[in-house]
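All chains, please: the whole structure from these sequences, using the hints.
Chains as they are written, first to last, in our numbering: chain A, 1 to 185; chain B, 1 to 986; chain C, 1 to 94.
FYI, nobody ran anything at the bench for these hints, they're computed from the structure. It cannot be assumed that every hint is accurate.
Dumping the calculated PhoX-like pairs for lysine-lysine here, alpha-carbon to alpha-carbon at most 25 Å [what the hints assert, rightly or not]:
1) B/Lys326 with B/Lys397
2) A/Lys138 with C/Lys5
3) B/Lys279 with A/Lys138
4) A/Lys156 with A/Lys138
5) B/Lys387 with B/Lys25
6) A/Lys95 with B/Lys680
7) B/Lys431 with C/Lys93
8) A/Lys158 with B/Lys279
9) A/Lys37 with C/Lys84
10) B/Lys279 with B/Lys233
11) B/Lys502 with B/Lys435
12) B/Lys562 with B/Lys504
13) A/Lys156 with B/Lys233
14) C/Lys5 with B/Lys431
15) B/Lys680 with B/Lys872
16) B/Lys279 with C/Lys5
17) B/Lys435 with C/Lys78
18) C/Lys78 with B/Lys279
19) B/Lys871 with B/Lys680
20) A/Lys138 with C/Lys84
21) C/Lys84 with A/Lys56
22) B/Lys844 with B/Lys947
23) C/Lys78 with B/Lys431
24) A/Lys35 with C/Lys84
25) B/Lys947 with B/Lys967
26) A/Lys56 with C/Lys5
27) C/Lys89 with C/Lys5
28) B/Lys279 with B/Lys387
29) B/Lys279 with A/Lys156
30) B/Lys16 with B/Lys431
31) B/Lys504 with B/Lys558
32) A/Lys95 with B/Lys678
33) A/Lys156 with B/Lys191
34) B/Lys272 with B/Lys191
35) B/Lys760 with A/Lys6
36) B/Lys826 with A/Lys6
Computed from a predicted model, the values in this text were never measured in an experiment.
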Amino acid sequence: MLSELKIDQAVELAPILTGEVDLLPVQTRYSLRVKPKERCAFIEASNIDLPAQIGKMSVQYDRVVLCIGPDEYILICSLAEREPLARKFEELMGKYIFSATDISHRNVSFILSGEQTTNMINVGCPLDLSLENFPVGKCTRTIFESAEIILFRMGKTKFQLETWRSFAPFIVGYFEKYCLQNRGK
Amino acid sequence: MTLHRKPEYGRVNRGKPINFSFDGKIYSAFDGDSLASALLAHGVHLVGRSFKYHRPRGFVAAGPEEPNALVTFDRGPGRVTPNVRATTLEVFDGLVAHSQNNWPSLTFDMGAVNDLFYMLFPAGFYNKTFMWPKSFWDRVYEPAIRKMAGLGPAPIDEDADIYASQYMHCETLIVGAGPAGIAAALAASEKPGRVILVDEQYEFGGSLLSTPNMVINDIPAWQWLEDSLAILKARENVTLLTRTTVIGYYHENFLGAVERITDHEKDLSSHKPRERLYKIRAGEVVLATGAIERPLVFQSNDRPGVMLASAAHTYLNRYGVVVGEKIALFTCHDSAYEVIFDLADAGISIAGVIDVRDQVSETIIAAAKARNIEILTGTIVSGTSGKFRVSSLRASKIEDGKITSTWEIACDCLLMCGGWTPSIHLFSHSKGSLKWREDLGAYIPDNPNENVISVGACNGTFGLRKIMTEGAGGSTEYQVNAGAFGSGIIPATFPTEGDPAKVKAFVDFQNDVTEKDINLAVREGLKSIEHVKRYTTTGMATDQGKTSNLNALQIAAKAVYKPVQQVGLTTFRPPYTPTTFGALVGGKDGHSFHVIRKTPMDGWAEDHGAVFEPVALWRRARYFPRDGEDMLAAVNRECLTTRCSLGIFDASTLGKVEVIGPDAAEFMNRMYTNPWLKLKPGSCRYGLMLGEDGYIMDDGVIGRLAENHFHVTTTTGGAPRVFRMMEDYRQTEWPELDVWLTSTTEQWAVIALNGPNARKLIEPFVEGIDLSEEKFPHMAVREGRICGVETRLFRVSFSGELGFEINVPAHYGRALWETLFIAGQKYDITPYGTETMHVLRAEKGFIIVGQDTDGTVTPMDVGMSWAIGKKKKDFVGKRSLSRPDIMAEGRKQLVGLLTDDPNIVLEEGAQLIANPEQSIPMDMIGHVTSSYWSATLNRSIALAMVKNGHALTESNVYIPMPGKIYKAQVSKCVFYDPNGERLNVI
Amino acid sequence: MLLIKCPYCQEDRPEIEFSYSGEAHIARPLNPDDLSDEEWAEYLFIRSNRRGLHHERWLHAHGCARFFNALRDTVSDKFELTYKMGEPKAQVKK
Ligand SMILES: [Zn+2]
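So, in structure tokens, the structure goes:
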């Protein structure tokens, strides 16, 4: 067997983003769809906690499951979980009506934090990010300028932002401009 | 030098003197001055030349409604802003500004001859005069008009500033921080919920800044202001934005506001944006935008030194500047008396008050008497004199609507007050309806179309106590010392002396439209105010008629003998005040202008000198020139190397969709023309997708990985469209199917290897897949590993050579590419780009959807009936294939073209004709869709859509191109290896 | 920018997350081959293009990714009502 290939997420973060924007290492990500009437049975069989409502997320160990459509979930966890998950889905295939697609490399994730985070996100994202309207634990697919993103709130001033690989530099460019313009603020 | 300042007046910071330059001359000012107040402090009234007649013009107002004093704000290269209102430009130390629209200088202007020939410039002048001949427009009229009648010159350098934008949300947005707005903010912020208070000026207070003598709840106005702002500042739910102009009011309480951040700062070395565009979504909007004083329309009312009464009030009380030493007032409204009394109290000599009305109140008469001010009732101003500044006015006594006597009154400043116009601009943007208030002679808000209320003067409410109580929404009762605001009449027009045709009484100062122009427009049959506006251009200048609209309307109404309501009102549109393009772009420039998607291997291509081209949002390597090669040389080499040995191509941009579910095969069967139910797992098929109209929409190779699992590929540009269409059918037409779609375009990096050595290259790296011809035939797909990384390996070819498409998880793409490229050196491997890909596929007659097809092409038209599952009962587009027009003779069909001269490469898009001898216009029978030099065949090749093309094989067609008509023979589409033997190299 | 209530997300969301998808309640015929050319052309091309209240399909493209139906006023642009796919056609009140 030959040596493993180097992983390259092709995202560069300027020093000015330190402390505001962090790139997560490669995660395991699955796009999960489950026929709504089989949701409970699937949860039982898979031990994957699928939130019951769009916009809600569940956290199990280091695994996050976001419900972003009526029957659509995004599962994000560490790389180590990938093999066991893949095996699990293979086992369940045929027994339950669902779809599991590996999108680990489709997305890249950023952790956004700091007092200015909501303002920085609102440079391109039109949603109201006040704690009342976007509480901790809320998730959604939305838009940042012309790039689609998935956004979820992990704390008062901490968000995770997911986007397709090729859209990441575009979004990071906005963050860089924001941080540069608000230096020292 | 003695300045025209009153030491004990104004809010400017006398402890902070500064210098600025206007038209090259250095002036002193104080921090807190506007350019207008600073110039007036030096007695400078002449600041510009008018648009059409180049008449000398001075300040009319003190705020954003200023129509005359437009200057160029010059901060050096890339930072020149024309047409800035001097009344809103904050002076800072070192500010440089120039006057505009004058040549060679403000005091000697060549264009002023227009004024002597004013008979040449009636209403509709441009419309009438510059119509014929058409060619004159470009060569003669347009450049001349531009030179003579321009505003400030447009900047030519790239904008050196940066801009920003930002979404904001609040429960209550209050626009305007005058007394009404502040009262509203105090009331709103007592409740929970975010409150944003914005004001266009650099200081909150609005009219209070000009009326320090007011006492609110027993507190002097300015103290009250300070206290109130301190309260608001301390409240966590309040955001205060000064220097922020709300420019537009859109659906569902979505408003645009521009904050000016650095225009007033001396130091530009910070990284701060010059302006920020706020896109605000508000639960409720409170408009407290105030009212604008209306000028009076009389002969020579545009002379420098003639200004609005409220402006003089502001210059005195806010800036400590007196606008004249002997000031007269011409009014039809009580409110201006407060101004003239304040001026008198400041020790300024009052030349007299000319009041149109026959009577004024006893209170006013008493107050005037106490100050020794003469009031001339039933009198008008019928003209002014003075070269660059008013030196006297002509007062005329009116009896029965006629002038009975006229005399001169000396003055160096003439104030005018024609009543007040509520600022309904934003309410109007929001599509609320308006109603006419006869007593005000103005429109006020009626039924709102959004969750909005108007308070204070913009709602037609006048008098400080009423304004503030309304602002507070009744929650607080305000007590103030001021008397009633008073009332007035709306005269619209005045009798004139002598020939009315020679009178120039200006309505729209900025566009140089006179009362006579409006009357002329009406006489010429333009009865709607929208038509009058376009014909005369009244209200169409950069100020959108803030001071002129109501006067124009009333003059027009009078001329057609109709009530104003029946003449209408022109529509206000965003932006409220002129806005820079930079603010509108809001930082979405440069790399932020639009997304440029790059594949995982893009960095390698860049390092290796690739020339890129945009394909949809992607940038793709087009070719990889070696030293000194042009595109043709590079592509020839890339093609030959690939056909002889090995080429490597980045196909990552292909759209990819994972189709999974028990009904996946049924879904595919319905979406694509081909049959899918019996395709074996591990096999691929070329898939053709139609729109419901039967025209080709997309194509791509589709692999079946398992019974219930397909890996679909689409064209690069078609990916989003195809995904959406598939989702549409899945969700809305066939919800009973258990199948899901997931876009995996970016999950996989795709490396296409083509050429006889392709298998040899990958063999050592692949695990778990038998690559032999028997076990892994053409159009098969396998899952395994390459370089230790999972792969979906397709054996497919878009070149006609032995080919593989290696899919690996995207973040491994570049590393795998580099590994294969290094290992490929022994096969003289060449990277190639989209151009070579296009040539190789054209040599094989493979179509590119969107290049050879255009959305009106059926599978039969391109000779792909074979891709249609004949036994299928239904698929998207099937029924349309039997529509009469689609079955009819004479459709354009895809053919090959071989030019008689093999060295001629036809132009893509060139038209085809059957007979070159015919007369012009010739009958066009088709067009070239693809055309290349084929190094492999050592000649040119082309594909074309030709009427009845399939029946024309071996006949001649002709292609007119610049300079010559070329002859070509119609051929089959496949130019190279027609039997496909090269696919099966062992 | 309009706010649109997505019947799946049950939230008012900004218009730029959505995309318009043509007139609503025009079902694809179950057996297209049974239709005459005229009937098929009618299905393919003929739309009501109404002034006033109009049944429309919208896609919450950058949201829950669901198509839904809406009743929208083409004069004021405003949405009167949105509802899930498969729910009965909203009645237009006179
Ligand atoms: Zn939704």
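Right, here's what the structure says about each hint:
1. Straight-line distance between C-alpha atoms of B/Lys326 and B/Lys397 comes to about 21 Å, which keeps the hinted pair within the 25 Å bound.
2. Taking the CA atoms of A/Lys138 and C/Lys5, the gap is about 18 Å. The hint holds against a cut of 25 Å.
3. Of the pairs offered as hints, the one joining B/Lys279 and A/Lys138 holds, with about 23 Å between alpha carbons and a cut-off of 25 Å not exceeded.
4. Distance restraint check for A/Lys156 and A/Lys138: the Cα-Cα separation of roughly 11 Å lies within the 25 Å cut-off, and the hinted pair is therefore satisfied.
5. Distance check on the hinted pair: B/Lys387 and B/Lys25 sit about 21 Å apart at the alpha-carbon level, within 25 Å; holds.
6. For the hint pairing A/Lys95 with B/Lys680, the CA-to-CA distance comes to about 22 Å; that is within 25 Å, so the pair holds.
7. Restraint check for B/Lys431 and C/Lys93: the C-alpha separation of about 23 Å stays at or below 25 Å, so the hint holds.
8. Our distance criterion of 25 Å between C-alpha atoms is met by A/Lys158 and B/Lys279, whose separation comes to about 23 Å.
9. Taking the CA atoms of A/Lys37 and C/Lys84, the gap is near 17 Å; set against the 25 Å cutoff, the hint holds.
10. At most 25 Å may separate the alpha-carbon atoms for a hinted pair to count; B/Lys279 and B/Lys233 meet this at roughly 22 Å.
11. Restraint check: the Cα-Cα separation between B/Lys502 and B/Lys435 comes to about 36 Å, which exceeds 25 Å; the hinted pair is violated.
12. The suggested pairing of B/Lys562 with B/Lys504 holds, with an alpha-carbon distance near 24 Å, which does not exceed 25 Å.
13. Taking the CA atoms of A/Lys156 and B/Lys233, the gap is about 23 Å. The hint holds against a cut of 25 Å.
14. Taking the CA atoms of C/Lys5 and B/Lys431, the gap is near 22 Å; set against the 25 Å cutoff, the hint holds.
15. Restraint check for B/Lys680 and B/Lys872: the C-alpha separation of about 18 Å stays at or below 25 Å, so the hint holds.
16. In summary, the hint linking B/Lys279 to C/Lys5 is supported, as the alpha carbons are separated by about 20 Å, within the 25 Å threshold.
17. Of the pairs offered as hints, the one joining B/Lys435 and C/Lys78 holds, with about 23 Å between alpha carbons and a cut-off of 25 Å not exceeded.
18. As the CA atoms of C/Lys78 and B/Lys279 are separated by approximately 19 Å, the hinted pair is consistent with the 25 Å bound.
19. At roughly 18 Å between alpha-carbon atoms, B/Lys871 and B/Lys680 fall within 25 Å of each other, so this suggested pair holds.
20. Of the pairs offered as hints, the one joining A/Lys138 and C/Lys84 holds, with about 22 Å between alpha carbons and a cut-off of 25 Å not exceeded.
21. Distance hint between C/Lys84 and A/Lys56 is fulfilled; the C-alpha atoms sit about 20 Å from each other, no more than 25 Å.
22. For the suggested pair B/Lys844 and B/Lys947, the alpha carbons sit about 22 Å apart, so the restraint of at most 25 Å is met.
23. Proximity of C/Lys78 to B/Lys431 is assessed by CA-CA distance (about 12 Å); at most 25 Å being required, the pair is judged to hold.
24. At roughly 17 Å between alpha-carbon atoms, A/Lys35 and C/Lys84 fall within 25 Å of each other, so this suggested pair holds.
25. With a C-alpha separation of about 17 Å, the suggested pairing of B/Lys947 with B/Lys967 holds against the 25 Å cut-off.
26. Pair hint A/Lys56 plus C/Lys5 holds up; C-alpha atoms about 18 Å apart against a cutoff of 25 Å.
27. At most 25 Å may separate the alpha-carbon atoms for a hinted pair to count; C/Lys89 and C/Lys5 meet this at roughly 17 Å.
28. This hinted pair does not check out: B/Lys279 and B/Lys387 have alpha carbons roughly 47 Å apart, beyond 25 Å.
29. Restraint check for B/Lys279 and A/Lys156: the C-alpha separation of about 23 Å stays at or below 25 Å, so the hint holds.
30. For the proposed pair B/Lys16 and B/Lys431, the alpha carbon gap of about 45 Å is over 25 Å, so the pair is violated.
31. Restraint check for B/Lys504 and B/Lys558: the C-alpha separation of about 18 Å stays at or below 25 Å, so the hint holds.
32. Simply put, A/Lys95 and B/Lys678 have alpha-carbon atoms about 23 Å apart, close enough for the 25 Å limit, and the pair holds.
33. At most 25 Å may separate the alpha-carbon atoms for a hinted pair to count; A/Lys156 and B/Lys191 meet this at roughly 23 Å.
34. For the given pair, B/Lys272 sits about 33 Å from B/Lys191 by alpha-carbon distance, which is inconsistent with the 25 Å threshold.
35. For the suggested pair B/Lys760 and A/Lys6, the alpha carbons sit about 23 Å apart, so the restraint of at most 25 Å is met.
36. At most 25 Å may separate the alpha-carbon atoms for a hinted pair to count; B/Lys826 and A/Lys6 meet this at roughly 23 Å.
Of the hints listed earlier, those the structure fails to meet are numbers 11, 28, 30, 34, in rising order.
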